[in-house]
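Here's the letter readout for the chains.
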Amino acid sequence: MMGLLGWWFSQLSLPNASNFSLAVDRLYDFIFWLSVVSFLAIVLMMVVFVAKYIRRREGEATPYIEGHTPTEIGVSAGLFVLVMIIFYWGYRDYMQMRTPPAGAMEINVTGRQWEWEFQYQNGRVVARQGSEPPVFVLPRGQNVKLILQSKDVIHSFYIPEFRVKQDVVPGMYTFLWFEPTAVGEYTVYCAEFCGTDHSRMLARARVVEPADYETWQREWELAGVKSAWERQANAAATKSAAAKPTGPETIADQGKALFATKACSACHSVDGVSGAGPTLKAVFGHDVALADGSTVKADENYLRRSLMEPAAQVVKGFNGGVMPTFQGQLKDAEVTALIEYIKTLQ
Amino acid sequence: MSQEEYRMPEAVSYLNSPKGWKSWLFTLDHKRIGMMYLLLTMVFFAVGGIFALLVRYELLTPAPTFAANTYNKMFTMHGAIMVFMFIIPIIPAALGNFFLPLQIGAKDVAFPRLNLASYYIFIGGALLAVLAILLGGVDTGWTFYTPYSIKTATAATLVTLGVFVMGFSSILTGLNFIVTIHKLRAPGMTFHRMPLFLWAIYATAIIQVLATPVIGITTVLLVMERVLHIGFFDPAIGGDPVLFQHFFWFYSHPAVYIMILPGMGIVSEVITVFSRKQIFGYRAVAYSSLAIAFISFIVWGHHMFVSGQSELANLLFSLLTMLVAIPTAIKVVNWTATLYRGSIRLGTPMLYALAFLFLFTIGGLTGLFLAALSVDVHLHDTYFVVAHFHYVMMGGTVMGLLAGLHYWWPKMFGRMYPETWAKVSWGFVFVGFNVTFLPQFMLGRLGMPRRYHEYAPHFAGLNQLSTVGSWMLGVGFLIMFTYFLWSLKRGAFAPANPWGGKTLEWQTASPPPTENFHQTPTVTAGPYEYGLKAMGT
Ligand code: HEM
Ligand SMILES: [Cu+2]
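Protein chains in written order, with my numbering: chain H, 36 to 381; chain S, 103 to 639.
Any given hint could be a false lead.
[Unchecked claim] Partner residues aside, some chain H positions facing chain S, computed with beta carbon under 7 Å:
(1) Leu57
(2) Asp64
(3) Gly125
(4) Gly138
[What the hints assert, rightly or not] Selected chain S positions facing chain H (Cβ under 7 Å, derived; list incomplete):
(5) Phe266
(6) Arg378
(7) Pro615
(8) Glu617
[To be verified] Below 20 Å or equal to it, Euclidean Cα-Cα: the simulated SDA-like pairs (lysine to any residue) are:
(9) H:Lys378 / H:Asp306
(10) H:Lys87 / S:Pro289
(11) H:Lys186 / S:Pro337
(12) H:Lys332 / S:Lys604
(13) H:Lys186 / H:Val218
(14) S:Lys604 / H:Pro98
(15) S:Lys525 / H:Met81
(16) H:Lys87 / S:Lys591
(17) S:Lys591 / S:Ser115
(18) H:Lys180 / S:Arg443
(19) H:Lys186 / S:Pro289
(20) H:Lys366 / S:Pro337
(21) H:Lys332 / S:Ser115
(22) H:Lys186 / S:Lys253
(23) S:Lys209 / S:Pro289
(24) H:Lys180 / H:Gly109
(25) S:Lys604 / H:Thr285
(26) S:Lys253 / S:Leu156
(27) H:Lys261 / H:Glu249
(28) H:Lys297 / H:Met358
(29) H:Lys261 / H:Trp251
(30) H:Lys297 / H:Asp327
(31) S:Lys635 / H:His103
(32) H:Lys186 / S:Ser115
(33) H:Lys261 / H:Thr285
Since the hints were made in silico from the structure, they are not lab data.
Glycine residues also receive a C-beta, built at the ideal position from the N, C-alpha and C atoms.
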């Protein structure tokens, strides 16, 4: 029996690669051993009773036992305490998973049938290369927050070695955070059935030392500057361009441009002064008082909803009917860019 | 004693009088209706089983064998058939129909015509589902999650309509049983003298009546959205996809207790009769069924811990789910304690009841892993969940069903099944089951997601083991189907009461006459009054 259990355990060694892995495994082990003990108790009793009281001849007399209330109460009370411990333990660790620390590095992740796409703050996009799953790079020891969105159906972002999983739901943002703690490459699975190639909807998370991560980003940025230079040089050969070449555009830069071209700036200032609409300075991450007397915390979903259904949550002191909806006007990526821009207005 | 002393072979019973196929198709006799349900649901069990073997065959190797879409349809058909066309109806509608009136000493159920109508409604729904299979099948998984189920090109509309129609059958059967139990008990049969099988059927019927309408409405909304493009669930047209999951599990969580409670009822019958003991804690076992039925309505959100629902909701659902463990454990402890100082006969029904205890305990305990929030984040939608619900549904309900089938076979058909072959088959089923599903816990722990057509090579060993287990299960069931068919013609004639049971169905002939009892029985004692008070209480 113990040999079998030992074998079971050796089969179950899944690497610990995030700040959550150990905590999840501890609770798992606690429930596991509790289960082993309860299971053996029941099975042992069963086997012993069957062996001992097996029928030796027909018509054997048996005692009349109606039950034993203290046993029932004892089992119920004992179990109640145990399951409450498990509940609280699970809840405590779970809340940690749901509370991203300030200053986490944010990556926007998009799921669609049947691929993942990653967009870093500097604008770098990591997508599938042909049939090869995308490989996105993370620095070891850095808190990472993934902001997840889906283009079509529900997917679920899952990295077993990190013990994290979150459904990716169309029409809303969901998030996930962790700190990768071990260098290596880990598979991202889609865990919610999403159609034909569900089992091929993979990605790879490559965790590297922070310095290597810097190099990885630097190389890409330099390549961007270089190609921008070349474009400039080509343009200069025909017309004489005056603009100075710049590096690649960050997501927030893209959002800033949209903020002007989509005429958001006509009503919303970014410097704290109210216009026809509230200023967007220092909105993200703060509590917003609404016209109906309630308050909401301005997160990604709040901002998204304000763009899509402006009349749903009206800010106190403003008029609900003024802002037009951008439903169908803005692409998902543009909404994300605008949100990233608004986040920078602190 | 020779067989003829038990029963004249040509004795008149519900099986041979009246004769002719019309007398079966238009029968109002609960026993014949139960029989027709049994036949049909067993056919669906076989079909679902073949899909299961195909699914396991695909997973024998990491690389694909079938096309992805074919595989996706196979696991969907397997799940949908097993859930909606086998495990939900079989015990209440087949065995419940047959034995409920017999156990309360009645001639029939309260509304015999409604009973027959339920059967044909069930066939109607099943035909829609079969039509969907013939038209190419469905690939959404048995859970029909939106918005995928709205977008898929497969025959999802027909299948969900089928589920809608079958739901009516379930509601009407439940209603019929509730009224029958309240109105038709024989003189002297108080609620506390009712066999525990009936308590279980009663608790099940309550859930059927209260929860099934929700799945009905949900499927209608889904069909409306697919056909008329009204935006309930698809965010592209203004709906909320997670709302569907709430609706779905609001039914389907209580439904898992529609599936398990009747199996628990059978186990209570078999364990007492085969150990000749009063059940340990009759009231605790009876009321825990009701407690489970009640709690089952308020835990649905535990299927949605990573769906994006709020942390507060997760807190409540995790807390409430933990409570289910208590009445469940009470039952397990009481069944085990019933064995104490008994006179235990290891007949096949008892072997299946003990297998139930063994496997269901694993199923229940692994539920604790899933109810713990942080651990469920890792295990949700992996093979761990697949193993968990097979341990409860197959290890629990199906073992209970097989215990009941063997236990009541002599009563239903007037013939004994062959004991040796039955034990051989039990061995294959019990060992095969564990070989199939134990490795799946490990796969889930290692992070293999469910509903995967291809998988990473490091999952291969455990998957192969699991597939080999499925073949052992297949052999076990093949042996069983063979000897059951054989025994219908060749089995030894059954006495009226081969196991020495005290419940009323054993007090009439095997098989029973159409009117069940020649005189209405009067009940003067509880159903399990074995044992001598002098030897200890
Ligand atoms: C102690 C008792 C039990 C507890 C604490 C428990 C807990 C759970 C939890 C938390 C889940 C959700 C897991 C997830 O999706 O991540 C789950 C899934 C499931 N359970 Fe249980 N469970 C118990 C007993 C049962 C019983 C008696 C049945 C049925 C007969 C059952 C059938 C199922 C099914 C069918 C699923 C998942 C179905 C699916 O997602 O396809 N469980 N259980
Ligand atoms: Cu997916």
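Against the structure, the hints:
Interface restraint check: leucine 57 of chain H against chain S, minimum CB-CB distance 11 Å, threshold 7 Å, status violated. Annotation: interface hint on aspartate 64 of chain H violated; nearest CB of chain S at approximately 10 Å, more than 7 Å. The interface hint given for glycine 125 of chain H is met, as the beta carbon of that residue sits about 3 Å from the closest beta carbon of chain S, less than 7 Å. At about 21 Å, the closest approach between the beta carbon of glycine 138 of chain H and any beta carbon in chain S exceeds 7 Å, and the interface hint on this residue is violated.
A distance limit of 7 Å between C-beta atoms decides the matter here; for phenylalanine 266 of chain S the minimum to chain H is near 22 Å, and the interface restraint is violated. Hint status for arginine 378 of chain S: holds, given a least beta-carbon distance of 5 Å to chain H, under 7 Å. With a least beta-carbon distance of about 28 Å to chain H, the hint placing proline 615 of chain S at the interface is violated under the 7 Å criterion. At its closest, the beta carbon of glutamate 617 of chain S sits 32 Å from a beta carbon of chain H; the interface hint therefore is violated under the 7 Å criterion.
The suggested pairing of lysine 378 of chain H with aspartate 306 of chain H holds, with an alpha-carbon distance near 13 Å, which does not exceed 20 Å. Annotation: proposed proximity of lysine 87 of chain H to proline 289 of chain S is violated, straight-line Cα distance about 39 Å (limit 20 Å). Simply put, lysine 186 of chain H and proline 337 of chain S have alpha-carbon atoms about 10 Å apart, close enough for the 20 Å limit, and the pair holds. In summary, the hint linking lysine 332 of chain H to lysine 604 of chain S is not supported, as the alpha carbons are separated by about 65 Å, beyond the 20 Å threshold.
For the given pair, lysine 186 of chain H sits about 31 Å from valine 218 of chain H by alpha-carbon distance, which is inconsistent with the 20 Å threshold. With a C-alpha separation of about 16 Å, the suggested pairing of lysine 604 of chain S with proline 98 of chain H holds against the 20 Å cut-off. Annotation: proposed proximity of lysine 525 of chain S to methionine 81 of chain H holds, straight-line Cα distance about 19 Å (limit 20 Å). Proximity of lysine 87 of chain H to lysine 591 of chain S is assessed by CA-CA distance (about 38 Å); at most 20 Å being required, the pair is judged violated.
Distance check on the hinted pair: lysine 591 of chain S and serine 115 of chain S sit about 16 Å apart at the alpha-carbon level, within 20 Å; holds. For a cut-off of 20 Å, the pair hint linking lysine 180 of chain H to arginine 443 of chain S is broken: about 60 Å separates their Cα positions. A hinted pair counts as satisfied when its Cα atoms are at most 20 Å apart, and lysine 186 of chain H with proline 289 of chain S does not qualify at roughly 65 Å. For a cut-off of 20 Å, the pair hint linking lysine 366 of chain H to proline 337 of chain S stands: about 14 Å separates their Cα positions.
A distance of roughly 73 Å separates the Cα atoms of lysine 332 of chain H and serine 115 of chain S; the hinted pair therefore is violated under the 20 Å criterion. Distance hint between lysine 186 of chain H and lysine 253 of chain S is fulfilled; the C-alpha atoms sit about 13 Å from each other, no more than 20 Å. The suggested pairing of lysine 209 of chain S with proline 289 of chain S holds, with an alpha-carbon distance near 13 Å, which does not exceed 20 Å. For a cut-off of 20 Å, the pair hint linking lysine 180 of chain H to glycine 109 of chain H is broken: about 45 Å separates their Cα positions.
In summary, the hint linking lysine 604 of chain S to threonine 285 of chain H is not supported, as the alpha carbons are separated by about 80 Å, beyond the 20 Å threshold. Distance check on the hinted pair: lysine 253 of chain S and leucine 156 of chain S sit about 26 Å apart at the alpha-carbon level, beyond 20 Å; violated. Between the alpha carbons of lysine 261 of chain H and glutamate 249 of chain H the distance comes to roughly 18 Å, so the proposed pair stays at or under 20 Å and holds. Annotation: proposed proximity of lysine 297 of chain H to methionine 358 of chain H holds, straight-line Cα distance about 12 Å (limit 20 Å).
About 16 Å separates the Cα atoms of lysine 261 of chain H and tryptophan 251 of chain H, which keeps this hinted pair within 20 Å; it holds. Restraint check for lysine 297 of chain H and aspartate 327 of chain H: the C-alpha separation of about 28 Å exceeds 20 Å, so the hint is violated. Distance restraint check for lysine 635 of chain S and histidine 103 of chain H: the Cα-Cα separation of roughly 15 Å lies within the 20 Å cut-off, and the hinted pair is therefore satisfied. With a C-alpha separation of about 63 Å, the suggested pair lysine 186 of chain H and serine 115 of chain S falls outside the 20 Å cut-off, and the hint is violated.
For the hint linking lysine 261 of chain H to threonine 285 of chain H, the alpha-carbon distance of about 16 Å falls within 20 Å, and the restraint holds.
This entry does not satisfy hints 1, 2, 4, 5, 7, 8, 10, 12, 13, 16, 18, 19, 21, 24, 25, 26, 30 and 32, going by the numbered hints stated previously.
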